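Model the full assembly from the supplied sequences, consistent with the hints where possible.
Residue numbers (this note's numbering), protein chains in the order written: chain B, 1 to 112; chain X, 1001 to 1347.
Everything labelled a hint here was simulated from the structure, so no lab data went into it. Incorrect hints may appear among the rest.
To be verified - The following residues of chain X were derived to be distant from chain B, with all beta-carbon distances above 12 Å:
1) E1026
2) E1173
3) N1187
4) L1211
5) E1227
Said to hold, decoys possible - Here are some, though not all, of the chain B residues that point toward chain X, as calculated from beta-carbon distances under 8 Å:
6) R45
7) T69
8) L72
9) E73
10) Q74
11) G75
Stated by the list, open to error - Mimicking DSS-like on lysine-lysine, the simulated pairs with C-alpha atoms at most 30 Å apart in a straight line are:
12) X/K1223 - B/K47
13) B/K47 - X/K1009
14) B/K47 - B/K28
15) X/K1255 - X/K1009
16) B/K47 - B/K20
Given the structure is predicted, the values throughout are model-derived calculations rather than measurements. Think of the CB as a built atom: it goes at the ideal place given N, C-alpha and C, for glycine as much as any other residue.
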Amino acid sequence: MNDSHYYHAPDLARFAEVGKGAPDLWDKFQAWYGAVFAEGALSAREKALIALAVSHAVQCPYCIDAYTTASLEQGSNEEQMTEAIHVAAAIRGGASLVHGVQMRNHLERLGM
Amino acid sequence: MRVLPTLQKQRHPLASATAQRARLAEVRLPRSFEAALDGAGLFPLRATGIEVLQINLGRRCNQTCRHCHVDAGPDRTEVMPADVAEACLRVLAETAIPTLDITGGAPELHPEFRAIVARAAGLGRHVIDRCNLTITQLPNYRWIAPFLAEHRVEVTASLPYFQSRQTDAQRGEGVFEESVAALRELNALGYGRPGTGLVLNLVTNPVGAFLPPDQQAAERDWKRELERRHGIVFDRLFTITNMPISRFLEHLETKGQTEAYLTRLARGFNPAAAAGVMCRTTLSVAWDGSLYDCDFNQMLELPLGEGLARDIREFDPARLERRPIALGPHCFGCTAGAGSSCGGAVA
Chain B
1 MNDSHYYHAP DLARFAEVGK GAPDLWDKFQ AWYGAVFAEG ALSAREKALI
51 ALAVSHAVQC PYCIDAYTTA SLEQGSNEEQ MTEAIHVAAA IRGGASLVHG
101 VQMRNHLERL GM
Chain X
1001 MRVLPTLQKQ RHPLASATAQ RARLAEVRLP RSFEAALDGA GLFPLRATGI
1051 EVLQINLGRR CNQTCRHCHV DAGPDRTEVM PADVAEACLR VLAETAIPTL
1101 DITGGAPELH PEFRAIVARA AGLGRHVIDR CNLTITQLPN YRWIAPFLAE
1151 HRVEVTASLP YFQSRQTDAQ RGEGVFEESV AALRELNALG YGRPGTGLVL
1201 NLVTNPVGAF LPPDQQAAER DWKRELERRH GIVFDRLFTI TNMPISRFLE
1251 HLETKGQTEA YLTRLARGFN PAAAAGVMCR TTLSVAWDGS LYDCDFNQML
1301 ELPLGEGLAR DIREFDPARL ERRPIALGPH CFGCTAGAGS SCGGAVA
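Quick look at the structure:
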């Protein structure tokens, strides 16, 4: 175990240890997670790209490693993966900026 | 086209098969390959027959691809001698093995390539040429494509991606452009076109330390993009997993990814893929006549099992057809995910 810092790449392989505290919940999570990423109305490749983008939005380094690999293994290329994370970044940036309407509403209330 | 010195030329420690086997044995995996097979009810793994005689004509090549498990290149000198080639043809003549699969290096560089192909085709055998494409565009080798068409040889050609950056990163700068020219020439001869019977398959290995994509989905992409961008058509795409052997092992070592990649392969063990591995139906012949279960075991110098004739000149079909397969941790490369073989995914 490496406890000198919070994120440690090999810890991703120990993810299942989280199940020790609540095995039933872990099993349910596993089954649901597997079903989410199965081929469906969206392809497994599209789901991996969405996961890659969301990983950046939630800034999870484990997820970024996992879904960079998964996207490559689903046949996505660097250009497609980079565009996906720009989508995440644009939504994050837009989400900040759209709050400017709230700012403007309050300015309206306070101003003359 | 840019080429690099081979590991052998560099006197790199991993030029040695013994050093490669030792490095692979050091990696701590969740379980051994034998244990994985046992868990799937497949141990000991045995051959089920010999449907493909795969002959490696030598290690000379005009390219030095970064993932090459042969460590082939222009500075290699190993070439199959005439008596070994003759023994391979004699085995074909004396058995009903339906397919001769010719590989290398660039097999077309062998001085007797044309004679070997013509005689095997004359015996009524299906002949496959594992072609790197660019060899067909060299001035002294412009005969290759028309010759292959004349003898109706199946061409299985390497092209890791339908864009130049990824292709050149793996196979050398300038390879993509010359590969496109070669594919256009093959198409003009009828290869890959419906109704001609001239089969053109492409092979893609991942450009890095990850598993190949779904073969069917990738084939759809390749067909759409190669036709749209370059007007190129082909029959099938084979996805092949990079083997942690020779230059790809050296690449993994350089990147510090050996443990992670082998673990990825081991965790991806698929019993269905294991049941269909190519070594069960293939016999591999090295340039010097020695026999192996596959081209990968050949490069790792992992010999056939005890008590078996180990040279094509002592070919004993009755014992070889049901032989136990020699195994190692690299075998996880053929059983991960959808599996991998010279004919692509197996599960």
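Hints, one by one, checked against the model:
1. E1026: 17 Å, holds
2. E1173: With a cut-off of 12 Å, X/E1173 remains clear of chain B, as the shortest Cβ separation is near 18 Å.
3. N1187: The claim stands: X/N1187 keeps its Cβ more than 12 Å from every Cβ of chain B (closest is about 24 Å).
4. L1211: X/L1211 is in fact no farther than 12 Å from some Cβ atom of chain B, at 5 Å.
5. E1227: About 17 Å separates X/E1227 from the closest Cβ of chain B, which puts it past 12 Å; holds.
6. R45: Since the shortest Cβ distance to chain X is 7 Å, the answer is holds.
7. T69: Holds: closest Cβ of chain X sits about 5 Å from B/T69, inside 8 Å.
8. L72: 5 Å, holds
9. E73: At 5 Å from the nearest chain X Cβ, B/E73 passes the 8 Å test, so the hint holds.
10. Q74: 6 Å, holds
11. G75: 3 Å, holds
12. X/K1223 - B/K47: 23 Å, holds
13. B/K47 - X/K1009: Measuring from Cα to Cα gives roughly 45 Å; hence the hint is violated.
14. B/K47 - B/K28: 20 Å, holds
15. X/K1255 - X/K1009: 21 Å, holds
16. B/K47 - B/K20: 28 Å, holds
Hint violations for this structure: numbers 4, 13, all remaining hints satisfied.
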